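Undergrad: Chain by chain, the residues:
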Amino acid sequence: MILIVSTPGDEHALAVQAELSRRKAQSKLLDLSEFPQNLGLSIRYKAGEGSFAFGCEGSSLDLEECGAIWWRRPQQPQISSDILRTTHRHFAFNESVEALQGLWHALQPFWINDPARDYVAQRKVYQLRVAQEVGLTVPETLITNCTRAAGDFVRQQGAGRVIYKSFSALENEWRETRLLAENEVQLLDNVRYAPVIFQEYIEASVDLRVTVVGAQIFAAAVHSQDTAYKVDCRIDISNARIEAVELPPDIQEKLLSLMGAMGLVYGAIDMRRTPDGRYIFLEINPAGQWLFIEHYSKQPITAALASKLLEHDR
Amino acid sequence: MPGKTNKSNNPPPPAAGAASEEPPVVPLQRRCGTMAVHYRHLHSDPDYLRARAASETHYSAIVQGRRALARVGVTTIPVVVHVLFNTAQQNLSNAQIQSQIDVMNHDYRKTNPDVASAPAAFAPLAADARIQFTLATVDPNGAATTGITRTQTNSASFSDNDAMKSSATGGHDAWPRDKYLNIWTVPRLTSPQGDLLGYAQFPGGNAATDGVVILHSAFGTNGTAAAPFNLGRTATHEVGHWLNLHHIWGDDNNACTGSDLVADTPNQAGPNFGKPAFPHVTCNNGPNGDMFMNYMDYVDDAAMFLFTTGQVTRLQASLDSDRPTLGSSTSATSPILDTPVGTLKFGDDAPVTLKFRDDVPPPSLKFRDDGPPPSLKFRDDSPPSLKFRDDSPPSLKFRDDIPKLKITDDGIPQGPGGFGPGPGPLGAAFAGSGRTSAAPFVLSTPHHSMAWVQMFPQAAAEAVNSAEDQLRQYEEVLEQYGQADSAGQLSSAERQAAESIYADYASLVAEYRQLTGS
Ligand SMILES: [Zn+2]
Numbered sequence: 000m001i002l003i004v005s006t007p008g009d010e011h012a013l014a015v016q017a018e019l020s021r022r023k024a025q026s027k028l029l030d031l032s033e034f035p036q037n038l039g040l041s042i043r044y045k046a047g048e049g050s051f052a053f054g055c056e057g058s059s060l061d062l063e064e065c066g067a068i069w070w071r072r073p074q075q076p077q078i079s080s081d082i083l084r085t086t087h088r089h090f091a092f093n094e095s096v097e098a099l100q101g102l103w104h105a106l107q108p109f110w111i112n113d114p115a116r117d118y119v120a121q122r123k124v125y126q127l128r129v130a131q132e133v134g135l136t137v138p139e140t141l142i143t144n145c146t147r148a149a150g151d152f153v154r155q156q157g158a159g160r161v162i163y164k165s166f167s168a169l170e171n172e173w174r175e176t177r178l179l180a181e182n183e184v185q186l187l188d189n190v191r192y193a194p195v196i197f198q199e200y201i202e203a204s205v206d207l208r209v210t211v212v213g214a215q216i217f218a219a220a221v222h223s224q225d226t227a228y229k230v231d232c233r234i235d236i237s238n239a240r241i242e243a244v245e246l247p248p249d250i251q252e253k254l255l256s257l258m259g260a261m262g263l264v265y266g267a268i269d270m271r272r273t274p275d276g277r278y279i280f281l282e283i284n285p286a287g288q289w290l291f292i293e294h295y296s297k298q299p300i301t302a303a304l305a306s307k308l309l310e311h312d313r
Numbered sequence: 000m001p002g003k004t005n006k007s008n009n010p011p012p013p014a015a016g017a018a019s020e021e022p023p024v025v026p027l028q029r030r031c032g033t034m035a036v037h038y039r040h041l042h043s044d045p046d047y048l049r050a051r052a053a054s055e056t057h058y059s060a061i062v063q064g065r066r067a068l069a070r071v072g073v074t075t076i077p078v079v080v081h082v083l084f085n086t087a088q089q090n091l092s093n094a095q096i097q098s099q100i101d102v103m104n105h106d107y108r109k110t111n112p113d114v115a116s117a118p119a120a121f122a123p124l125a126a127d128a129r130i131q132f133t134l135a136t137v138d139p140n141g142a143a144t145t146g147i148t149r150t151q152t153n154s155a156s157f158s159d160n161d162a163m164k165s166s167a168t169g170g171h172d173a174w175p176r177d178k179y180l181n182i183w184t185v186p187r188l189t190s191p192q193g194d195l196l197g198y199a200q201f202p203g204g205n206a207a208t209d210g211v212v213i214l215h216s217a218f219g220t221n222g223t224a225a226a227p228f229n230l231g232r233t234a235t236h237e238v239g240h241w242l243n244l245h246h247i248w249g250d251d252n253n254a255c256t257g258s259d260l261v262a263d264t265p266n267q268a269g270p271n272f273g274k275p276a277f278p279h280v281t282c283n284n285g286p287n288g289d290m291f292m293n294y295m296d297y298v299d300d301a302a303m304f305l306f307t308t309g310q311v312t313r314l315q316a317s318l319d320s321d322r323p324t325l326g327s328s329t330s331a332t333s334p335i336l337d338t339p340v341g342t343l344k345f346g347d348d349a350p351v352t353l354k355f356r357d358d359v360p361p362p363s364l365k366f367r368d369d370g371p372p373p374s375l376k377f378r379d380d381s382p383p384s385l386k387f388r389d390d391s392p393p394s395l396k397f398r399d400d401i402p403k404l405k406i407t408d409d410g411i412p413q414g415p416g417g418f419g420p421g422p423g424p425l426g427a428a429f430a431g432s433g434r435t436s437a438a439p440f441v442l443s444t445p446h447h448s449m450a451w452v453q454m455f456p457q458a459a460a461e462a463v464n465s466a467e468d469q470l471r472q473y474e475e476v477l478e479q480y481g482q483a484d485s486a487g488q489l490s491s492a493e494r495q496a497a498e499s500i501y502a503d504y505a506s507l508v509a510e511y512r513q514l515t516g517s
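Protein chains in written order, with numbering that gives the first Met the number 0: chain A, 0 to 313; chain B, 0 to 517.
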């Protein structure tokens, strides 16, 4: 049994489930927002044995039978609206989170990706350090809430040479990576309210989206420079030509070292190739999407992920 | 149920190679091919995948109260029945076809008499699905029609591979799904798992194969309809799928972990067959057990007789998002015109985001309950007319024919606080008294390209909705200031506050224009 932790509306989960079903493998989608209201959990220890199951009694999902778990898009527990008092709601929420977190750490399946590793790997500050350590080139970077340091960095890099971006990407407060505009310099005082990532702007001949599944590397060139927005290839992706490309062996090696150092089986890496042929690491998304790449590049990424899960199916 | 023949008509000659002597195959148990077909399309059709995901996202917004259903009345859906017959007997009579339409009209309006036999525990959940069906009277070319096509086919048997949906493969082409529900009746329906009573295509798939397929002997209540599937419930079940309902047990092979994505149906291990005795407890769902009398279980026709309120929400949500142009609504009044938008209610109920759901209850609906689905709104390139939109800052212009100031108790009316989605100054809400909120650097700068709306159409649509809500609230507040001003009641401090609010309003208008491309 292969377990996929995600939401019913996740097209990537749907794609992998379809591939697994085509290969006659059993998979289940687990939506953690169903817990604890509609989804039972039973963890037992007795006489030196432990058992872990979703479901309260009778037929249930024995987690020991799940050889592989895909930590795709875990949801927060949803607390019953029957509980009205805020403190009681918080208590119920905390208890639910604690039980689940303990559960994930108690299980020993094959993970894509191990939740603890996934959590750490999402941190952009950490990513840049590991990337540098494995020999990848990263843009000159300043992450700060010091307004003066931000101003100095902008001056040193020169006008029109600095991009800024945020750590988080709320769906409703989404911001593309942007080149700092002249008239935005005056807003730099707002940096004191929350830290910002400033980086030297890396000119691109192409953007690279590199999807790594185990030891397989699927590199795709995103011809962002032909689109309406050259700074961030994601935002006009529908107008970008996307094609499969090969990375130089030394870059491939470094990316696999990066995955190893971060303990990730799956990752989607954003890079840029400069006009003078250098490869610059921008960031890695441990739960990044690939269907938008696969659709154009025809690289078998869905199949590779399904295979990786199947290798460890019991 | 073999050997039932219709002797009243002159049967057309059997097609070459047809096995006319074979008795009709009636499965002993209900089996539906919808999930297998679903997986097949998921695997082969990226557009289906995307449409499915978008549909679930819309539905979750409805469930969480961030959006409301658009259709408030009863929707009437024109139906075309494509009768595919190999033997004359399978050329169903008009009466048999009408009997099927009648059954669906009872089942989808909760006027089926057997709903009265629901166990007391489940009876309160039974709901009117607010859909009715009528055989089409106009065909796709605009000509009069009975809503029935009849095609003799060489195929004595079809499978779940959609061959019946194309004239090139022994079937009949679908009529446009934006106007019709397509139903094909077939001589026999097989799958690798065994004979099927029917199958549906979930919303979001290929238009050419959209609709439901029903075995002729499980269709309607007379003619070739054969017990125990002779009460027309196979079509009720399949049309349920066509409207996005899942099997009630969640298709999880008895694991108790799957969900039909509907909250008011009990968790249930697997399908029930035949006519189960109440209660049938699985998955710790006692004392009432499985809701096996639900149309989306696998019981016999006589044992299924209800949809729940939650299922109705799901299928209505699907109508809104997946089939927005289908059917005519019989609701007498438009909620858009009837809902007063002027009620000032300053919300501290920030919209819930998809990614960071915390555990507070969903926010109550404010001005959201009155529009077409956001995807439509977003595509519409003429934004609703707004009173102050053409006034340019910085001059404060109020209409001078305005009645008296309404709010006097609290002194200065306050602007809307705690904005949710939206770029730039949308986040720079003022907290009252004209004081402008600070914003983190990244959010204090505007989008540099609006191409992001293609990437996050849902979020962009929400931003548009939210901006419209806020603009209405601003206008209400500004109108009150205007009234006070023309009545000579505005102090200089209040006037200052009004000008500050107006400045925010103007920048919101600018953003709204950027968002909507207007
Ligand atoms: Zn079904």
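Hints are supplied without guarantee of correctness; some may be wrong.
[Said to hold, decoys possible] Here are some chain A residues the structure puts well away from chain B; computed CB gaps all over 10 Å:
#1 N37
#2 G39
#3 G47
#4 L135
#5 P247
#6 K253
#7 R313
[Claimed, not checked] Here are the computed distance ranges between Cβ atoms for each label pair:
#8 B:P139 / A:A302: 36 to 42 Å
#9 A:Y44 / B:M34: 32 to 38 Å
#10 B:S327 / A:R43: 41 to 47 Å
Since the hints were derived computationally from the structure, they do not count as laboratory data. None of the values given here were measured: they were computed from a predicted structure. No residue lacks a Cβ here, since even glycine has one placed at the ideal position from N, Cα and C.
Undergrad: Does each hint hold? Answer for all of them.
TA: We went through each hint and held it up to the structure:
Distance to chain B contradicts A:N37 as a non-interface residue, since its nearest Cβ pair spans about 6 Å, not more than 10 Å. Once the 10 Å rule is applied to beta carbons, A:G39 is inconsistent with being away from chain B; the minimum gap is 6 Å. The Cβ of A:G47 lies farther than 10 Å from every Cβ of chain B, with a closest approach of about 27 Å, so its non-interface assignment holds. Against the 10 Å criterion, A:L135 stays outside the reach of chain B, whose nearest CB is about 25 Å from its own CB.
No beta-carbon of chain B is positioned within 10 Å of the beta-carbon of A:P247; the least distance is around 30 Å. Separation of A:K253 from chain B is adequate, the least Cβ-Cβ distance of about 29 Å exceeding the 10 Å criterion. Every CB of chain B lies more than 10 Å from the CB of A:R313, the least distance being 15 Å, so the non-interface label holds. One distance hint, 36 to 42 Å for the beta-carbon pair B:P139 and A:A302, holds here, with the actual separation near 39 Å.
A C-beta distance of roughly 37 Å is found between A:Y44 and B:M34, which places it inside the suggested range of 32 to 38 Å. Checking the proposed 41 to 47 Å range against B:S327 and A:R43 shows it is violated: the Cβ atoms sit about 56 Å from each other.
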